[in-house]
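S.K.: Go ahead and model the full structure; you've got the sequences and the hints to work with.
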Amino acid sequence: GEDVEQSLFLSVREGDSSVINCTYTDSSSTYLYWYKQEPGAGLQLLTYIFSNMDMKQDQRLTVLLNKKDKHLSLRIADTQTGDSAIYFCAERTPGNTPLVFGKGTRLSVIA
Amino acid sequence: NAGVTQTPKFQVLKTGQSMTLQCAQDMNHEYMSWYRQDPGMGLRLIHYSVGAGITDQGEVPNGYNVSRSTTEDFPLRLLSAAPSQTSVYFCASSPRGGPPQSQQFFGPGTRLTVL
Chain F
51 GEDVEQSLFL
61 SVREGDSSVI
71 NCTYTDSSST
81 YLYWYKQEPG
91 AGLQLLTYIF
101 SNMDMKQDQR
111 LTVLLNKKDK
121 HLSLRIADTQ
131 TGDSAIYFCA
141 ERTPGNTPLV
151 FGKGTRLSVI
161 A
Chain W
-4 NAGVTQTPKF
6 QVLKTGQSMT
16 LQCAQDMNHE
26 YMSWYRQDPG
36 MGLRLIHYSV
46 GAGITDQGEV
56 PNGYNVSRST
66 TEDFPLRLLS
76 AAPSQTSVYF
86 CASSPRGGPP
96 QSQQFFGPGT
106 RLTVL
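Listed in order, the protein sequences are those of chains F and W. Position 40, counted from 1, in the first sequence is what the numbering used here calls 90; the numbers after and before it change by one each time, with no gaps. Position 37, counted from 1, in the second sequence is what the numbering used here calls 32; the numbers after and before it change by one each time, with no gaps.
No lab work stands behind these hints: they were computed from the structure. Please note that a few of the clues may not be correct.
With beta-carbon atoms standing in for the labels, derived distance ranges [what the hints assert, rightly or not]:
no., chain 1, residue 1, chain 2, residue 2, range
1, F, I160, W, P78, 42 to 48 Å
2, W, T0, F, D76, 28 to 34 Å
3, W, M22, F, L111, 23 to 29 Å
4, F, F59, W, E25, 34 to 40 Å
5, F, A161, W, S75, 46 to 52 Å
6, F, D104, W, E54, 43 to 49 Å
7, W, R91, F, G90, 29 to 35 Å
Derived coverage of chain F by chain W (criterion: at least 3 residues anywhere in the stretch with Cβ under 8 Å from a Cβ of chain W; other residues may be distant) [unchecked claim]:
no., segment
8, 114 to 128
9, 148 to 161
From the three backbone atoms N, C-alpha and C, an ideal C-beta is built for every residue, glycine too.
M.R.: Quick look at the structure:
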């Protein structure tokens, strides 16, 4: 079955790097996603990685994928107060199936 | 494009009442989904649709009905509201295919309270 696990909370100081971790169980996952949810809003796609890639960088965001351990991480460099939000990891498996989401990691940035 | 729209934004119901949460998208997306978000539970899939006339159950379908008579609309019906259905409901849509096309676009959510 599909299961996506994340730690629930992370607190960092402004200017430091944040690393949010995620593990998944379905080895047939094709794409893995990171979404951001700001208070009172819907989810917004931040970035994604194809399962045959190890790393993807997009400005301050770096995604690392360890397919052997089924471990995904999101690193946010120079974290700002505007990065405070809930971050969701999600996976897509082959076929007409919707995304499976983790429970979300609440990132708090301390000024 | 308006993207994914949801109405109402807020709703209070009494136990036993029925209502329909509306969801519409103007991007001609084939896939649409309904999720509920509860504290500490993340997003849980209620029902989804891969095209007009086709729906399927997600993780938590009990107490909810859906239909997909058009590509644009995907209403969620609560048949007899219960306090356990107090939650924030999100509708999402996505086109067929791989990223970036397959990314899901989310509506702003409907906050439902059942007394």
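S.K.: Are at least 3 residues of the segment 114 to 128 of chain F within less than 8 Å of chain W when you compare beta carbons?
M.R.: violated (count 0)
S.K.: Taking a Cβ-Cβ distance under 8 Å as contact, does the segment 148 to 161 of chain F have three or more residues in contact with chain W?
M.R.: Check passed, 7 qualifying residues.
S.K.: May I ask you to test the hint 46 to 52 Å on the CB atoms belonging to A161/F and S75/W?
M.R.: 47 Å, holds
S.K.: Given the range 28 to 34 Å, decide if the beta-carbon distance of T0/W to D76/F lies inside it.
M.R.: Holds - the Cβ-Cβ distance for T0/W and D76/F, about 32 Å, lies within 28 to 34 Å.
S.K.: Okay, R91/W versus G90/F on CB: inside 29 to 35 Å?
M.R.: About 31 Å separates the Cβ atoms of R91/W and G90/F, which means 29 to 35 Å holds.
S.K.: Taking the Cβ atom of D104/F and the Cβ atom of E54/W, is their distance within the range 43 to 49 Å?
M.R.: At roughly 30 Å between Cβ atoms, E54/W and D104/F fall outside 43 to 49 Å, so the hint is violated.
S.K.: For the range 34 to 40 Å, tell me whether the beta carbons of F59/F and E25/W fit it or not.
M.R.: This hint holds: roughly 36 Å between Cβ atoms.
S.K.: Using the Cβ atoms, figure out if M22/W sits within 23 to 29 Å of L111/F.
M.R.: 25 Å, holds
S.K.: Taking the CB of I160/F and the CB of P78/W, does the distance hold inside 42 to 48 Å?
M.R.: 36 Å, violated
Hint check: violations occur at hints 1, 6, 8; the rest are consistent with the structure.
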